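Visitor: Given chain A's structure and the hints, the job is docking chain B onto it.
So the sequence lines, in the order shown, correspond to chains A and B. Going letter by letter, the first sequence gives residues 11 to 329 in the working numbering. Going letter by letter, the second sequence gives residues 11 to 329 in the working numbering.
For the record, the hints were derived by calculation from the structure and aren't laboratory data. As the structure is a prediction and not an experimental result, all values here were calculated from the model. Fair warning: there could be bad hints in the mix.
Remember, identical chains collapse to one label, so a pair may be satisfied in a single copy or spanning two.
Distance condition first, Cα-Cα at most 35 Å in a straight line; then the derived DSBU-like pairs of lysine-lysine [as the list claims (entries may be wrong)]:
1) 91 <-> 30
2) 30 <-> 161
3) 190 <-> 91
4) 161 <-> 87
2 protein chains.
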Amino acid sequence: MRIVALAGGIGGARFLRGLKEAVAPGDEITVVGNTGDDIHLYGLKVCPDLDTLMYTLGGGIHEEQGWGRADETWSIKAEMKEYGVGPEWFGLGDRDFATHLVRSQMLTAGYSLSQVTEALCVRWQPGVRLVPMSDDRVETHVRITEDGTPKVVHFQEYWVRLHAAVDAEAIVPVGADTAKPAPGVLEAIAAADVILLPPSNPVVSIGTILAVPGIREALVAASAPVVGLSPIVGGAPVRGMADKVLAAVGVESSAAAVAAHYGPELLDGWLVDASDAGSVAAVEEAGIRCRAVPLLMTDVAATAEMARAALALAEEVRA
Amino acid sequence: MRIVALAGGIGGARFLRGLKEAVAPGDEITVVGNTGDDIHLYGLKVCPDLDTLMYTLGGGIHEEQGWGRADETWSIKAEMKEYGVGPEWFGLGDRDFATHLVRSQMLTAGYSLSQVTEALCVRWQPGVRLVPMSDDRVETHVRITEDGTPKVVHFQEYWVRLHAAVDAEAIVPVGADTAKPAPGVLEAIAAADVILLPPSNPVVSIGTILAVPGIREALVAASAPVVGLSPIVGGAPVRGMADKVLAAVGVESSAAAVAAHYGPELLDGWLVDASDAGSVAAVEEAGIRCRAVPLLMTDVAATAEMARAALALAEEVRA
Chain A
11 MRIVALAGGI GGARFLRGLK EAVAPGDEIT VVGNTGDDIH LYGLKVCPDL DTLMYTLGGG
71 IHEEQGWGRA DETWSIKAEM KEYGVGPEWF GLGDRDFATH LVRSQMLTAG YSLSQVTEAL
131 CVRWQPGVRL VPMSDDRVET HVRITEDGTP KVVHFQEYWV RLHAAVDAEA IVPVGADTAK
191 PAPGVLEAIA AADVILLPPS NPVVSIGTIL AVPGIREALV AASAPVVGLS PIVGGAPVRG
251 MADKVLAAVG VESSAAAVAA HYGPELLDGW LVDASDAGSV AAVEEAGIRC RAVPLLMTDV
311 AATAEMARAA LALAEEVRA
Chain B
11 MRIVALAGGI GGARFLRGLK EAVAPGDEIT VVGNTGDDIH LYGLKVCPDL DTLMYTLGGG
71 IHEEQGWGRA DETWSIKAEM KEYGVGPEWF GLGDRDFATH LVRSQMLTAG YSLSQVTEAL
131 CVRWQPGVRL VPMSDDRVET HVRITEDGTP KVVHFQEYWV RLHAAVDAEA IVPVGADTAK
191 PAPGVLEAIA AADVILLPPS NPVVSIGTIL AVPGIREALV AASAPVVGLS PIVGGAPVRG
251 MADKVLAAVG VESSAAAVAA HYGPELLDGW LVDASDAGSV AAVEEAGIRC RAVPLLMTDV
311 AATAEMARAA LALAEEVRA
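For reference, chain A alone in the conformation it holds in the complex:
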């Protein structure tokens, strides 16, 4: 079976670890990773979501933190402070820096981001085929008002420095409108048996991937069922601050509202948490097959159960 999943960072990576447990030997998983969070720091190209996916699936992630490397050291960060070179708010450990150095060197040498990602995965062996959504530069920017001043900041600045504590007035994936899907993305979607939307951020993770012209259309056109898992449980994001960016696009923080945001044209099936069972009927009325199951990724076994439920719903839709 060929499975395609669109994924952001932490939530997507943890779901995929469960999915790997849930699939049968021989099943192939292609992950289309969000690159809208990418940022240039210290002259290096940093791809937070791709790295979180690689490190999590490849066994190098800092488990408690959810991002960055296990057994990390922070010498460079300390030195940058001494040099007075920022941004101080972004945490890049030394081991993590090595990834960005290798990536940046390869990009400068002329390799594409998908080629670089494939090369990095030779080391990490994530057990999935990891493809960036695009080889073109896309950067999500957020319009805010800070201390009375309207400004536009990089998504990472909004997320990491400001902790999404001010309202996002608009979210713009700069460059997405002219970006092309990376080689293999559309082909993988067209050839898929099942397409999954993990409980990643519907706006700045999955939404950014869908903003690359051709990808949403390919999902709609795909013969495979498209099944998503709600990142909203009981009216609030399970992790992160998805509610802040949902508000920016006029979507309320509820499992049913996110399903409606994706829409029945795109989505064939939708899993909501057991605690949101009350919203199943409304989602189904909107034309999306819906089931309520436990959606808390407390450990790999629980996450694998979620993945099995998603695959089962896909079969139910297909039948």
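Guide: Coordinates of chain B only, in the frame set by chain A:
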């Protein structure tokens, strides 16, 4: 008093630490640093000699090693090994990487190497004005025969990977012939009261600086006495493998031969080690004032004594 010193890495840096002890308050030291050892690694510009000078004079050097940072960590090097990205033979610690990142980012932004060096020195406060010999790229390459195959390698590869264990057949400071002295270099030499050649490598450190058109000429034309200290003691280099590169330019490893290599046109005074007192007469016959004093930089006090002897010889020449 305005003192100008030309310097390579470890030997030059240690001498300058002594010189700082030896000078009077208010004396100004300008150091023209060799950049022929510079190398691009992992997409970053690495300036080993400038960094050794900065770290040594700024209190950040790894004392026993002579190069690199104290309290260093090596996470990136370990990661590069995992990624299979070399060269493995060059030791860049994490703290050191921070310097190369800041430098490379500033160079990419359009600052010159001398501007970058000045910016880095804001942190290090080396107590001297540190100027690269040139803002233009110069890289010393070495012609060798390895396993029967003639090849040309970067000086760092010859020095660090091969430990200068094969014969250097030719040493070429690539780019030197078209390089211009960095802003301020010629002016500092012209305005100097004393010019010193520390016991740095006469070929690949001092020699490379002198290979930048205009610098040798400025030293010859300078009104200030030019006094050097022999890096060769008792027929062998005090440290490093200067004998290997001296052989490549047809100079024997002796204090007197190095003085003759610089020549009486350039050199007004020459200090040899007390154990080489027998060569004083020959050097003086060649037209260079010569004294024999202890030249082992065993500690800062002993090195300061050497610096005082050099300054005294300069006064003797001037008188």
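Visitor: All hints, please: hold or fail.
Guide: Going down the list of hints, with the structure as the test:
1. Within a single copy, residue 91 and residue 30 get their C-alpha atoms only as close as 40 Å, which misses the 35 Å cut-off; across copies the closest is 28 Å, which meets it.
2. Taking the closest pair of Cα atoms, residue 30 and residue 161 never come within 35 Å of each other, the shortest separation being 42 Å inside a single copy and 50 Å across copies.
3. In this assembly of identical chains, the alpha carbons of residue 190 and residue 91 lie at most 35 Å apart only when taken from different copies (33 Å versus 38 Å within one copy).
4. In this assembly of identical chains, the alpha carbons of residue 161 and residue 87 lie at most 35 Å apart only when taken from the same copy (27 Å versus 40 Å across copies).
Consistency with the previously given hints fails for number 2 only.
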